[in-house]
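Engineer: Sequence:
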Amino acid sequence: MLRLRLTPYSENPAWTWSGACYGTFDQHSRIEPFDHPMLEHLGATDGRRTLIIVRERVANRPACDPEVRTLTPGEYDQARESVTEWPTDFVLLETEPAQPARITAGSARTTPLYLADDGRSLFGSWDMADLRDHVTGINPREAARLLIYRPRYSSDTLFRGVHRLTERAVAHFGGSLWISYPEPALHRQPRQLAADADVLGAFVDTMDTAMDRRPWVEETTLFHLTGGFDSGTVATRAAERHPGLLPTATLLIGGPGRKQQIRRRAEMRSQAKFADTDIVIDAMKHPPLAPGCRWVGGDVISPTEDPLHYPFVQMARSLSAAGARTVVTGLGGDEMVALTPEEEPHLGLGEITDAQILPWVGRRAQAALEFADDGIAPPARVNSMTLLSLESNAPVLLRHGLWPVHPFADPVMVELGEQLPFAWRELKQVQRQRLRAIGMGEDVVHPVERESFAEVIEHSLITHAPALFARMLTEGSPLFDEGLVDPDGLRTAVEHLTSARYREEQDSKLLEVLSLHMSATAFLNS
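Numbering (our numbering), first residue to last: 1417 to 1942.
Check the hints yourself; a few may be wrong.
[To be verified] FRET-style restraints, in silico, Cβ to Cβ:
1. D1534 / E1911: 42 to 50 Å
2. A1514 / G1660: 52 to 60 Å
3. V1828 / S1426: 37 to 45 Å
4. D1612 / R1852: 18 to 26 Å
5. T1890 / P1795: 40 to 48 Å
6. V1828 / E1858: 27 to 35 Å
7. D1549 / G1617: 50 to 58 Å
8. D1549 / A1436: 21 to 29 Å
9. E1759 / E1921: 20 to 28 Å
10. E1842 / S1426: 52 to 60 Å
[Said to hold, decoys possible] Taking lysine-lysine pairs in the BS3-like style, the calculated list, with each CA pair at most 30 Å apart, reads:
11. K1675 / K1701
12. K1689 / K1675
13. K1701 / K1689
14. K1675 / K1844
15. K1689 / K1844
16. K1925 / K1675
17. K1925 / K1701
18. K1925 / K1844
Treat the hints as calculated values from the structure; they're not laboratory data. If you're wondering where the values come from, they're calculated on a predicted model, not measured in any experiment. Ideal placement from N, C-alpha and C gives every residue a C-beta, glycine not left out.
Kindly generate the complete structure, drawing on both the sequences and the hints.
Structural biologist: The structure is reproduced here in structure tokens:
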């Protein structure tokens, strides 16, 4: 959403808008908003205090004038209070003479904001690579979380010196960085339905509300239509309301679900009237770790970006070339109808069993797992796993000039999902019944085959990963040096990968080892 450099206690802290960025007269501070028609930015000052906000636009109102306007102290206080009630994503920056600078994130996060400092200035960006000069090493706690596939939403990142600004959190900087978490967000409970309850009607109305917050109805808006329940539900509803306007795109998977994915997408596109344009990128032809992947080439890529990086880059590039500016997805649909711990008992967040410790996880990482749940952010309005997913999705799109929109991650959709009875959430019944209601057949509503990227990952690990692991084991890795990955355990796993039958449950997790290794090597050696 933005890049920034803030230097508090400047001699001349007055801010101006240059046409491309906000800056102080002494040029010690700079805020560069991401340039996109779905965003707006504005500044205000009362002569002493200054606020600058970068935010997603809301529908039915023109974009704000970006010039820094002068307000009375009373008007400034009112403006400051109204900022935090904005219904879409925002980042608020506040400066005041002789006071630390403050940065506040909104609750409906769409893109990440990473922060680092050098003791004099605070730096921030949606692209972690911009902060590589501030990396001082690897954070063992975060590395351990990622290695056993138990990510946590917190201010931690893989790297010491780089921090994540979580939803509603406030970053304070006056020479050192301090991030304060908000109070836990309140959540609703499943409710008993009234006799005349129209669940599908409420579902559609809420989906429309989530979509219509933003001015997304443009020919440059494209829907990521995978053929699954979530993207299918959102995209077909949008096409129902705006027939013939909206193009689609997807990554094509491999394995038994491939033909089914093609059939389901075709049925969705024929049942709802989309634009003719449909961009399909075959992930089996552009798998992760293939030659040409920026990670493999040694580029500085954040470890939080999706491990399926290469095929997603190919798709983003194709969307941009086709003229798309906004991409609407189904991300967040899983969590929107997730079962509660009481409905689906699972391992407690603080409990990690020996069975979860993969054979290549090093001793230092194992020791760090005792503290895996320390320092995590409090409950958010949107599920923390959804927020991490959105964070991994955004940078690839932003690099190609695309802005992501995720209706299922809108707080109103989250609140509806929390209140639905078990029978409507189990196995995504509300999405299934919505698709059935608009005429979709059994192939769409009750698919037989699993549709996932599992076969794409298997192909990548068997075809491209062995040479990369051989190089890693020969030349070394920061993960070895820090005791986070055990080279002997990794060597044994790689030997099994190349000589025995592929075991999806365990072997697929080797992809994370390579992504962390390649990210750490690039960041620490740049």
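Engineer: Each of the hints needs a verdict: does it hold here or not?
Structural biologist: Cross-check of the supplied hints:
Checking the proposed 42 to 50 Å range against D1534 and E1911 shows it holds: the Cβ atoms sit about 44 Å from each other. For the hinted restraint 52 to 60 Å between A1514 and G1660, the CB-CB distance of approximately 58 Å keeps it satisfied. Here the CB-CB span from V1828 to S1426 is close to 41 Å, well matched to the stated 37 to 45 Å. Taking the beta carbon of each, D1612 and R1852 are about 20 Å apart, inside 18 to 26 Å as hinted.
The hinted range of 40 to 48 Å is satisfied by T1890 and P1795, whose Cβ atoms lie roughly 45 Å apart. Taken as a hint, the range 27 to 35 Å holds for the pair V1828 and E1858, whose Cβ atoms sit roughly 31 Å apart. Range check, D1549 to G1617: Cβ separation about 53 Å, and the 50 to 58 Å hint holds. Checked against the hint of 21 to 29 Å, the pair D1549 and A1436 passes, with Cβ atoms roughly 23 Å apart.
At about 24 Å, the CB distance of E1759 to E1921 agrees with the hint of 20 to 28 Å. The supplied range of 52 to 60 Å is met by E1842 and S1426, whose beta-carbon atoms lie about 57 Å from each other. A C-alpha spacing of about 16 Å is found between K1675 and K1701, which places the hinted pair at or below 30 Å, so the restraint holds. For the hint linking K1689 to K1675, the alpha-carbon distance of about 22 Å falls within 30 Å, and the restraint holds.
Straight-line distance between C-alpha atoms of K1701 and K1689 comes to about 29 Å, which keeps the hinted pair within the 30 Å bound. A distance of roughly 22 Å separates the Cα atoms of K1675 and K1844; the hinted pair therefore holds under the 30 Å criterion. The straight-line distance between the Cα atoms of K1689 and K1844 is roughly 24 Å, inside the 30 Å bound, and the hint therefore holds. Distance check on the hinted pair: K1925 and K1675 sit about 26 Å apart at the alpha-carbon level, within 30 Å; holds.
Annotation: proposed proximity of K1925 to K1701 holds, straight-line Cα distance about 21 Å (limit 30 Å). Of the pairs offered as hints, the one joining K1925 and K1844 holds, with about 26 Å between alpha carbons and a cut-off of 30 Å not exceeded.
The earlier numbered hints are all upheld by this structure, with none contradicted.
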